[in-house]
Amino acid sequence: MRGGTAYLAQVVVRVEGCVAPGVSNVPPVKTDVEIAQEATLRPIGEIAEGLGLTAEDYEPYGHTKAKLSLGILDRLADRPDGRLILCTAINPTAAGEGKTTTNVGLSMALNAIGKKAMTTLREPSLGPSFGMKGGAAGGGYAQVVPMEDINLHFTGDFHAITAAHNLLAALLDNSIHQGNPLNINPKRITWPRVMDMNDRALRNIVIGMGKVGDGVVRESGFEITVASEIMAALCLATSLEDLKERFGRMIVGYTYDKQPVTAADLQAPGAMALLMKDAIKPNLVQTLENTPAIIHGGPFANIAHGNNSIIATRTALKLADYVVTEAGFGADLGAEKFFDIVCPAGGLRPDAVVVVATVRALKLNGGKDKKELANEDLFALGTGMVNLEQHLENLAKFGVPALVALNRFPSDTDAELRLVRERCEALGVTVVLSEVFTKGGQGGADMARAVVELAEQESSYSPLYDVEEPMHAKIETIAREIYRADGVDLSPAAAAQLGQINADGYGNLPVCMAKTQYSFSDDPTRLGAPRGFRITVRELVVNAGAGFVVALTGDIMRMPGLPKVPAAVGMDISADGTITGLS
Numbered sequence: 041m042r043g044g045t046a047y048l049a050q051v052v053v054r055v056e057g058c059v060a061p062g063v064s065n066v067p068p069v070k071t072d073v074e075i076a077q078e079a080t081l082r083p084i085g086e087i088a089e090g091l092g093l094t095a096e097d098y099e100p101y102g103h104t105k106a107k108l109s110l111g112i113l114d115r116l117a118d119r120p121d122g123r124l125i126l127c128t129a130i131n132p133t134a135a136g137e138g139k140t141t142t143n144v145g146l147s148m149a150l151n152a153i154g155k156k157a158m159t160t161l162r163e164p165s166l167g168p169s170f171g172m173k174g175g176a177a178g179g180g181y182a183q184v185v186p187m188e189d190i191n192l193h194f195t196g197d198f199h200a201i202t203a204a205h206n207l208l209a210a211l212l213d214n215s216i217h218q219g220n221p222l223n224i225n226p227k228r229i230t231w232p233r234v235m236d237m238n239d240r241a242l243r244n245i246v247i248g249m250g251k252v253g254d255g256v257v258r259e260s261g262f263e264i265t266v267a268s269e270i271m272a273a274l275c276l277a278t279s280l281e282d283l284k285e286r287f288g289r290m291i292v293g294y295t296y297d298k299q300p301v302t303a304a305d306l307q308a309p310g311a312m313a314l315l316m317k318d319a320i321k322p323n324l325v326q327t328l329e330n331t332p333a334i335i336h337g338g339p340f341a342n343i344a345h346g347n348n349s350i351i352a353t354r355t356a357l358k359l360a361d362y363v364v365t366e367a368g369f370g371a372d373l374g375a376e377k378f379f380d381i382v383c384p385a386g387g388l389r390p391d392a393v394v395v396v397a398t399v400r401a402l403k404l405n406g407g408k409d410k411k412e413l414a415n416e417d418l419f420a421l422g423t424g425m426v427n428l429e430q431h432l433e434n435l436a437k438f439g440v441p442a443l444v445a446l447n448r449f450p451s452d453t454d455a456e457l458r459l460v461r462e463r464c465e466a467l468g469v470t471v472v473l474s475e476v477f478t479k480g481g482q483g484g485a486d487m488a489r490a491v492v493e494l495a496e497q498e499s500s501y502s503p504l505y506d507v508e509e510p511m512h513a514k515i516e517t518i519a520r521e522i523y524r525a526d527g528v529d530l531s532p533a534a535a536a537q538l539g540q541i542n543a544d545g546y547g548n549l550p551v552c553m554a555k556t557q558y559s560f561s562d563d564p565t566r567l568g569a570p571r572g573f574r575i576t577v578r579e580l581v582v583n584a585g586a587g588f589v590v591a592l593t594g595d596i597m598r599m600p601g602l603p604k605v606p607a608a609v610g611m612d613i614s615a616d617g618t619i620t621g622l623s
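Number 270 in the working numbering belongs to position 230 of the sequence shown; there are no gaps in the numbering.
SDA-like cross-link-like pairs, simulated, lysine to any residue; straight-line CA separation at most 25 Å:
1) K317 / H103
2) K358 / D121
3) K156 / N330
4) K70 / R82
5) K317 / E89
6) K437 / E509
7) K107 / P83
8) K284 / L315
9) K284 / A313
10) K479 / A414
11) K358 / T94
12) K358 / G387
13) K358 / R389
14) K227 / H217
15) K284 / L113
16) K284 / N214
17) K70 / A134
18) K358 / P83
19) K298 / P221
20) K479 / Q77
21) K227 / G261
22) K70 / R448
23) K604 / G594
24) K298 / N223
25) K70 / V609
26) K358 / E493
27) K604 / R240
28) K155 / S500
29) K411 / R458
30) K298 / N214
31) K284 / Y294
32) K298 / G539
33) K107 / D282
34) K107 / A79
35) K410 / G568
36) K107 / G92
I should point out that these hints are in silico values taken from the structure, not numbers from a laboratory.
Between the sequences and the hints, there should be enough to build the whole structure, so can you do that?
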């Protein structure tokens, strides 16, 4: 579910780059994986040493990857934090925005203008990589590498999360089978199993079939690993002990008398933490231009909180003067959750926000046919600008200064670029052009200088709501202030769950909205900045370990399916180890 719009943007750039008027002798088009394979990577020890790290601070995973010690934060506790820059975007479209590419390119551009910078990103999920969306390592000449490893198994973090999650599921079912000493109601179990792959056939299953010794028969299902509460807890934890405590609070189901049953009740946290002993350590890699990058965790922003780990970000802030981090999907999802969930949990105070957009995507928001996006259309662009404007107005509510990074395409006309700049300047927001996809760090030099200037302004960051407000009020605040909905409706099931949440004492947790990424509303077909709608919450799920309540809206599912022609069918590896088809 991540990286897809950036990938589509890259495809369009390549195609148009070959046919742009006045261009001749265009070199052969290279794919992302080809560009990555031609990169000159520095040994990971040199990258670590450039950050001032010692051999005790990192553990190499081969020549180009390493795990960072959790002790770095203790050792550098007295060192001032660098500037924190959040990279977010308009709502994703089929036209492409390129948020991850911009994030990576900005970190390289900051180094190119003489600043000490690094990027922090989420790890890609195998589901989207082999499905339709592609990987999440950036694109063109703004990638993190080794791209193939990052988009595949990487350092095994997701496998560890999968194992820890399914261990808890196994302990739960075993407890029921072994006489059910905790009095668990099999019809009120809330802990599914997970796997890091898109597989719709596993959404709803029956387990325990067969002989008496094969367990208790009950309905269950699978979710994708990035939807696991363990993934969310990993990214919000501040230490291994904190992670273990979060494990203990995780609710797996309810007793016959409607009392919550936790992982601590099953005596599971110790073994779960053992499986996560390496996964909790952030991963150090580099960009195509050898800028240090920390990649850790990978929750989706439409079903979880959509940001990399707090440990990774806090570590980067001690090692660099500028840290560029990324929030998933549009600012109505990832950025809102960064400000309202991640920053309070990690004690983070962002200094600036970069909002990524493209002329093409804005025209699509304005009703332009996606086959005609290369043609100038000021009317469609002006109509679609409302999407970007609403995101900018929303971000202003958090008190952090923002600018717009406009990924430039060959088909963008001067008149279109001028229109975007004038509309944004009317809101007091600067627009800078970005060409990091085709030019790397040098293509983002203007953007980098603008970000430095922006980050020097005073940030008056504050969350959107008071976490002590009633749960329904927090949901209403997000729906009205960010989505511009007329209100919120709870399904009968959600209303009953809200009562249980309040009765169990979880009403003071923040809210993680699970909503389509394509629209401000819960209807993915309503582009632009829709009005006159209400948000329907069909289910509320307590993630007591992660520390938030998930409000599911619309048709959001926590286990995606594969498209008719999955990306996997175009992938291969040759006898000499050359990978093709990975993006």
